[in-house]
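K.L.:
Listed here are the chains, written in short residue letters.
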Amino acid sequence: MKILVPVKRVIDFNVKIRVKADNSGVETANVKMGMNPFDEIAVEEAVRLKEKGKATEVIAVTIGPAQCQDLLRTAMAIGADRSIHALFDGETQPLGVAKTLKAIVDQEKPDMVILGKQAIDGDNNQVGQMLGALLGWGQATFASKVELGAGSVNVTREVDGGLETLQLKLPAIITTDLRLNEPRYATLPNIMKAKKKPIEPFDAAAKGVDLSPRIKTLRVDEPGSRKAGIKVPDVATLVDKLKNEAKVI
Amino acid sequence: MRALIIVEHDGVAVKSATLHTITAAKKLNCPVDGLVMCNAGASVIDGASKITGLEKLLVSEGAQYKDDLAENEAPLVAQIARNYTHVFVAATSFGKNLLPRVGALMDVAPISEISAVESADTFKRPIYAGNAIATVQSSDAIKLCTVRATSFDAVPATGGNAAIEKVAATADAGLSSFVGREVSKSDRPELTAAKVVISGGRGLGSGDNFKMLEQLADTVGGAIGASRAAVDAGFVPNDYQVGQTGKIVAPNLYVAVGISGAIQHLAGMKDSKVIVAINKDPDAPIFNVADYGLVGDLFQIVPELTAALQKK
Ligand SMILES: Cc1cc2nc3c(=O)[nH]c(=O)nc-3n(C[C@H](O)[C@H](O)[C@H](O)COP(=O)(O)OP(=O)(O)OC[C@H]3O[C@@H](n4cnc5c(N)ncnc54)[C@H](O)[C@@H]3O)c2cc1C
Ligand SMILES: Nc1ncnc2c1ncn2[C@@H]1O[C@H](COP(=O)(O)O)[C@@H](O)[C@H]1O
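Residue numbers (this note's numbering), protein chains in the order written: chain A, 612 to 860; chain B, -13 to 298.
Because the hints were derived from the structure by calculation, they are not lab data.
All of these numbers come straight from a predicted model, not from anything done at the bench.
Ideal Cβ positions, reconstructed from N, Cα and C, are used throughout, including at glycine.
Where hints are given, some of them may not hold.
Stated by the list, open to error - List time: in silico EDC-like cross-link candidates among lysine to aspartate or glutamate, alpha-carbon distance up to 16 Å:
#, chain 1, residue 1, chain 2, residue 2
1, A, K842, A, E856
2, A, K713, A, D821
3, B, K52, B, D(-4)
4, A, K713, B, D93
5, B, K42, B, D19
6, A, K613, A, D692
7, A, K756, B, E168
8, A, K827, B, D107
9, B, K110, A, D832
10, B, K110, A, E833
11, A, K780, B, D158
12, A, K780, A, E758
13, B, K266, A, D845
14, A, K756, B, D218
15, B, K297, A, D851
16, A, K842, B, D283
17, B, K297, B, D204
18, A, K842, B, D269
19, B, K197, B, D173
20, B, K259, A, E856
21, A, K756, A, E793
22, A, K665, A, D692
23, A, K827, B, D126
24, A, K827, B, E104
25, A, K842, B, D267
26, B, K110, A, D734
27, B, K42, B, E151
To be verified - Covered stretches of chain B (chain A as the covering partner; in silico rule of three or more C-beta atoms under 8 Å from a C-beta of chain A):
#, stretch
28, 97 to 109
29, 263 to 277
Bound conformation, chain A alone (with noise of 0.2 Å):
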């Protein structure tokens, strides 16, 4: 059983947004980048499979420029066995990102696909979704808790109302939610052995995919901000305010 993670470079999730003073987009000019923190829970549940022995490959992908080597090599010292880099500058959307993989899914043929449910720039959610939708195969998005049985995978989803558990024939696409686990640290000896591992390139152009943006940007602005307001110095203060004040009790 072989597993595809797709995973993408994003600025990291600690640092502080700037808007560009031209409203192109947002600073990436010397930000800390990394893996995008749900991609690094789909590459955790993979490699777990494989420690369980229920997978025996795991194939780390990304679509992106030429630093996302970087990424894929994160992606091996956390266990992934190879990986494949579809080079791309600048930005990529879901529906190429999808038929990207999707071209990808027919050169390797994995039995599942593991992939974040957003990626945290964009906020798209989508990649999983079209992806399943192309290959017609089932999904399972916001997922919590994966087990696998005899040509099926059964996979419980955080949704708004609770929990909701699916049963997918394979191959299947998954999408991960924070809850399903929690990513290790790679260790030295396995960041060493990382750098010995493939990464294989893939050209997406020359299997036809159009990676240009079908949606355009017109302009990145800065969120209505919130100014902070008072602190009150007691309970009392607390409701005399909200009654008299803000009028909201």
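Put chain B with the ligands on the given structure of chain A with help from the hints.
P.N.:
Leaving out everything else, chain B with the ligands in the frame of chain A:
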């Protein structure tokens, strides 16, 4: 132009997020229809047909739609969508799961979680956990959007009289099946629709201590929310989580108790009308967005606040 709203429901009643989505579609100044996919959902169909603002209500029934499996519903939506210029659905776990699958079937790039409709092809949406707002333009002939419910008011749930039109069901895709559900039950208002939300964080220290927040919530008719840290620690169920990757809320009053105010949490609540923060750390970032901050020990303040509110 003509817009289609995918009606979200639980098999019995229409979910309120749908009412907000209709308001978003109304900004297009064109007729708006609804689509209900259900299994023997007489009360849903009846309820949906009475919503103010829908001209026609398309109804497709079949056992394959019972549990909202995206594999079964996406082909029907993709087929019907060809007759529309816009298809909107609420950006709930239902809408987010379904619409991208529809998009890929149609070779359309959907736009996630729109917070404003600028024109027929241009929308605003939060990115980077709401730390930036993008204005985006779609060049697709059919626009598929999920809609952030808190950014639009609700249309009235009654007063309308949509003409019902049956649509033949598409086949069961046979890719997935429903196994079970654990619904968290509560007598309090639904988190995303509540006028008051009382949220607890890691500072609460245990699930037991959330009882204190429940008493406060019950005093003001509020719902209970939580930070991810509180959910991760097992204090409360996952569907209480407010934030970038949890629920988006915008009540009249949001009370953050023992929550530091990480950007991922603020992403889910900073559009609330009035924010109150209770935290023992005077430098906690939550105070930067709070209208009223109270520095001190929550274990002392919360019972005192509950008592003061019960008195009035
Ligand atoms: C990809 C990603 C997505 C995320 N999504 C979300 C999300 O959707 N929602 C979310 O909430 N978080 C999310 N997070 C997590 C977020 O970064 C923070 O870790 C989390 O919000 C912290 O929760 P907290 O404020 O309860 O805990 P802490 O940051 O630990 O804060 C606890 C607070 O309680 C106060 N406190 C402690 N004891 C008392 C007392 N006795 N009286 C008064 N005050 C007290 C402390 O001063 C402190 O400020 C996400 C993180 C990542 C990486
Ligand atoms: N450029 C990319 N390269 C590899 N994987 C990606 C890329 N963009 C998105 N993904 C995957 O798709 C998931 C959902 O992304 P999105 O739909 O953009 O929010 C991410 O968590 C990744 O697993």
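K.L.:
Are the hints correct? Go through all of them and say.
P.N.:
Verification of the hints:
no., hint, in the structure
1, A:K842 to A:E856, "holds (14 Å)"
2, A:K713 to A:D821, "holds (12 Å)"
3, B:K52 to B:D(-4), "holds (9 Å)"
4, A:K713 to B:D93, "holds (14 Å)"
5, B:K42 to B:D19, "holds (5 Å)"
6, A:K613 to A:D692, "holds (10 Å)"
7, A:K756 to B:E168, "holds (13 Å)"
8, A:K827 to B:D107, "holds (10 Å)"
9, B:K110 to A:D832, "holds (10 Å)"
10, B:K110 to A:E833, "holds (12 Å)"
11, A:K780 to B:D158, "holds (14 Å)"
12, A:K780 to A:E758, "holds (12 Å)"
13, B:K266 to A:D845, "holds (13 Å)"
14, A:K756 to B:D218, "holds (14 Å)"
15, B:K297 to A:D851, "holds (13 Å)"
16, A:K842 to B:D283, "holds (14 Å)"
17, B:K297 to B:D204, "holds (14 Å)"
18, A:K842 to B:D269, "holds (11 Å)"
19, B:K197 to B:D173, "holds (14 Å)"
20, B:K259 to A:E856, "holds (13 Å)"
21, A:K756 to A:E793, "holds (12 Å)"
22, A:K665 to A:D692, "holds (15 Å)"
23, A:K827 to B:D126, "holds (11 Å)"
24, A:K827 to B:E104, "holds (14 Å)"
25, A:K842 to B:D267, "holds (12 Å)"
26, B:K110 to A:D734, "holds (13 Å)"
27, B:K42 to B:E151, "holds (7 Å)"
28, 97 to 109, "holds (count 4)"
29, 263 to 277, "holds (count 6)"
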